[in-house]
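In order, the protein sequences belong to chains A and B. Residue numbers in the first sequence follow numbering that gives the first Met the number 0, run continuously in steps of one, and reach 88 at the last position. Residue numbers in the second sequence follow numbering that gives the first Met the number 0, run continuously in steps of one, and reach 324 at the last position.
Keep in mind that the hints were calculated from the coordinates and are not lab data. Source: prediction; values computed, not measured. Cβ coordinates follow ideal geometry from the N, Cα and C atoms, glycine included. Please note that a few of the clues may not be correct.
Beta-carbon label-pair distances, calculated as ranges [claimed, not checked]:
1) B:F310 - A:T87: 33 to 41 Å
2) A:A88 - B:S117: 49 to 57 Å
3) A:E51 - B:R312: 24 to 32 Å
4) A:K24 - B:E305: 18 to 26 Å
5) B:R94 - A:R75: 33 to 41 Å
6) A:F18 - B:E305: 16 to 24 Å
7) A:F16 - B:E152: 41 to 49 Å
8) B:P151 - A:K24: 53 to 61 Å
9) A:T87 - B:H223: 53 to 61 Å
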Amino acid sequence: MNETVESQVRAYVVDHFLFGQGGDKLGSEDSFLEKGLIDSTGVLEVVMFLEERFGIKVQDEELVPDNLDSLARIARFVERKMQQKAATA
Amino acid sequence: MSARPPLSPELLKLDAAREADRICDWIRATAHDVKRRGAVVAFSGGIDSSVVGSLCVRALGKENVAGLLMPEEDSGPETLGLSTGIVEHLGISYRLENLTPILAAVGCYRRRDEAIRSVVPDYQAGWKHKIVLPGVLDTDSYRVYSLVVQTPEGQVRKERLPVGAYLAIVAATNFKQRTRKMMEYHEADRLNYVVAGTPNRLEYDQGFFVKLGDGAADLKPIAHLYKTQVYQMAEFLGVPADIRRRPPTTDTYSLPQSQEEFYFSLPYDRMDLCLYARDRGYTAEEAASGLGLTAEQVERVYRDIEGKRRFARYLHLEPQLLEPV
Chain A
0 MNETVESQVR AYVVDHFLFG QGGDKLGSED SFLEKGLIDS TGVLEVVMFL
50 EERFGIKVQD EELVPDNLDS LARIARFVER KMQQKAATA
Chain B
0 MSARPPLSPE LLKLDAAREA DRICDWIRAT AHDVKRRGAV VAFSGGIDSS
50 VVGSLCVRAL GKENVAGLLM PEEDSGPETL GLSTGIVEHL GISYRLENLT
100 PILAAVGCYR RRDEAIRSVV PDYQAGWKHK IVLPGVLDTD SYRVYSLVVQ
150 TPEGQVRKER LPVGAYLAIV AATNFKQRTR KMMEYHEADR LNYVVAGTPN
200 RLEYDQGFFV KLGDGAADLK PIAHLYKTQV YQMAEFLGVP ADIRRRPPTT
250 DTYSLPQSQE EFYFSLPYDR MDLCLYARDR GYTAEEAASG LGLTAEQVER
300 VYRDIEGKRR FARYLHLEPQ LLEPV
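Taking the hints into account, I'd like the entire structure generated from these sequences.
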């Protein structure tokens, strides 16, 4: 499950922010901010992708690097949101 | 122990007379180098354009400076009065160009309102709006824009902007700065003048301008001055007090909007000091007490400064060529 979410996010990030190149050099825990990969506008694009692909709703207070600043962090965040959604369904 | 002096506003104290002479010598030399005897300055009623206009008058003579006043329907109620006041104070010739018809014809307002309605479907004529950023000091949250709308009855709503709507609103409102620049170059071509740009150091460094809009100019006489230094220069040059007292504003959206809401993470005086400290290697701990912030807050501002510099790189970039020509 984790691998599935992360691999989908990885494909999106590599396609949209690395223009399909150098994805093998992007580590799971690499900080997007430190790599200069994704800015605030990019974060909005990632959030839109997550909401559409995984059917979650990202709240304003969840727009923090702890949730969104690496592939692994996003995967963990999305998993958590999906579990919360399943529990309340 | 650091050899750097404690961070304080004193470090930005300017010898305004000497600096004015240095800038004016450079304005003359730069304009004459391209065989232009005068300068066009667009006056917004703000401090930056008032200082640039005053410096151009001092450098080139008031008969060689042409003013442009270009309000449009979202300009603040004080904009025209203040900008008229400064050109009359300087005694220069000027033209008033109401940009609303041009902007309407190009679809600036329609495109912007369509983008707003994609987020607030009942937004309609008579409502006001602005886009705002969250503060940077007390949270590590990404600085993503929200749309604020206000009904004629005063009811306010705030919605986070999806990326498409955000980009569409900014793209539409950028018509304002680009149309102003088009008018400035029309005037410069007509008079064989240069166009003087008005960014201060904060704006230039942090990318607070529209590429090929207010970012375009032949010379930028105060791009090396911190905003607090621009105020010192304004006082030295005798810029009227009502302009010196006006809080900095974007004057772009129909609701009043401070520059901190739209772009910068701190009010300009502390933003100046933070930028100064960052560029001179002050650690966050060293800078904190002089700024009245915690070291953690300074770190957040430093990160914001560097993020904006990455964004500004594109804005500053010249057209790229495959090879030198």
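Now the hints, each set against the structure:
1. B:F310 - A:T87: 33 to 41 Å: holds (38 Å)
2. A:A88 - B:S117: 49 to 57 Å: The hint (49 to 57 Å, Cβ to Cβ) is violated, given that A88 of chain A and S117 of chain B are roughly 29 Å apart.
3. A:E51 - B:R312: 24 to 32 Å: The hinted range 24 to 32 Å holds for E51 of chain A and R312 of chain B, with Cβ atoms some 30 Å apart.
4. A:K24 - B:E305: 18 to 26 Å: With a Cβ separation near 22 Å, K24 of chain A and E305 of chain B satisfy 18 to 26 Å, so the hint holds.
5. B:R94 - A:R75: 33 to 41 Å: Check failed, 59 Å falls outside 33 to 41 Å.
6. A:F18 - B:E305: 16 to 24 Å: Cβ of F18 of chain A to Cβ of E305 of chain B: about 23 Å, so the range 16 to 24 Å holds.
7. A:F16 - B:E152: 41 to 49 Å: holds (43 Å)
8. B:P151 - A:K24: 53 to 61 Å: holds (54 Å)
9. A:T87 - B:H223: 53 to 61 Å: The hint (53 to 61 Å, Cβ to Cβ) holds, given that T87 of chain A and H223 of chain B are roughly 56 Å apart.
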